[in-house]
Amino acid sequence: MIIYWNKASIPALKGLSREEQAELILPIWSQVWLRWQVWLPVLTQIVLMLSFMVLAPHFPYRFPALLATVYLAVKLVFLPYHHFLALELEKQAPVGSDYFLRLIKKLIPRWNAQHVGLMPGNSVHEIQATFAQLGCKASLDVVKLYSTVGGMRVMDDDACWRLWSLAEIIEENKEPSPYGILFSDHLIESWCYRLKYETDERSSVYVDYFDSSNLPTKIFDGLEEFFIAYERDPDSILG
Numbered sequence: 285m286i287i288y289w290n291k292a293s294i295p296a297l298k299g300l301s302r303e304e305q306a307e308l309i310l311p312i313w314s315q316v317w318l319r320w321q322v323w324l325p326v327l328t329q330i331v332l333m334l335s336f337m338v339l340a341p342h343f344p345y346r347f348p349a350l351l352a353t354v355y356l357a358v359k360l361v362f363l364p365y366h367h368f369l370a371l372e373l374e375k376q377a378p379v380g381s382d383y384f385l386r387l388i389k390k391l392i393p394r395w396n397a398q399h400v401g402l403m404p405g406n407s408v409h410e411i412q413a414t415f416a417q418l419g420c421k422a423s424l425d426v427v428k429l430y431s432t433v434g435g436m437r438v439m440d441d442d443a444c445w446r447l448w449s450l451a452e453i454i455e456e457n458k459e460p461s462p463y464g465i466l467f468s469d470h471l472i473e474s475w476c477y478r479l480k481y482e483t484d485e486r487s488s489v490y491v492d493y494f495d496s497s498n499l500p501t502k503i504f505d506g507l508e509e510f511f512i513a514y515e516r517d518p519d520s521i522l523g
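If you read the sequence shown in the numbering used here, its first letter stands for residue 285, the second for the next number, and so on.
The set of hints was computed from the structure by calculation and includes no laboratory data. Ideal placement from N, C-alpha and C gives every residue a C-beta, glycine not left out.
Simulated DEER-style distance windows between Cβ atoms:
| no. | residue 1 | residue 2 | range |
| --- | --- | --- | --- |
| 1 | 475 | 289 | 33 to 39 angstroms |
| 2 | 310 | 460 | 47 to 53 angstroms |
| 3 | 352 | 474 | 47 to 53 angstroms |
| 4 | 313 | 509 | 28 to 34 angstroms |
| 5 | 441 | 303 | 29 to 35 angstroms |
| 6 | 407 | 471 | 28 to 34 angstroms |
| 7 | 437 | 410 | 14 to 20 angstroms |
| 8 | 399 | 475 | 19 to 25 angstroms |
| 9 | 304 | 509 | 20 to 26 angstroms |
| 10 | 427 | 471 | 23 to 29 angstroms |
Straight-line alpha carbon distances no greater than 20 angstroms define the calculated EDC-like cross-link-like pairs of lysine to aspartate or glutamate that follow:
| no. | residue 1 | residue 2 |
| --- | --- | --- |
| 11 | 390 | 307 |
| 12 | 502 | 519 |
| 13 | 502 | 482 |
| 14 | 421 | 459 |
Kindly generate the complete structure, drawing on both the sequences and the hints.
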């Protein structure tokens, strides 16, 4: 089970303002709290807190101890709430409404302002066929990326990074590599980035300096992590 320590760590809520989070949570709030796994720990915690106040009225460090206990308990007690909230959000969310897609769409105005020459997205069939031609499978995050944007004609202004088109990917991957498929570069191919299929959901990102003494290195576990880092600080993807 994945542990979500707070709402902001839930994939469907990442990067959203409190108002945007509330819009997603309110319609399913009651469904989450109707689960006994959610309300029972909270009720138990309230009973224990009141019992402590009644049974230990003369304990000299009662309030500091209570505050420390409450802080820790609240973190633990709300783990089931965050877990089932994530499940309900996942069920309610339509296909394509996840955080990764929102992030890419959020970056599009920035790229357009930098005149990178964004290309239109490709069909799922085109993406899968391109990667299959190179002996690889297109994971879901790769499909989401290339169905939203089809590549860049020139590099961006932030990190001198450029996303290749599917046609360039075929052209640049003449030789197979155990480190994945080349898909983008920094500063006119000073070094490049590779996508290595890991699961049906994600492909990890490697940086390749084309140096026999410096083998390609994994820098991100998936494209979502890659673009989260890029959006916050473009220089952070520079290997």
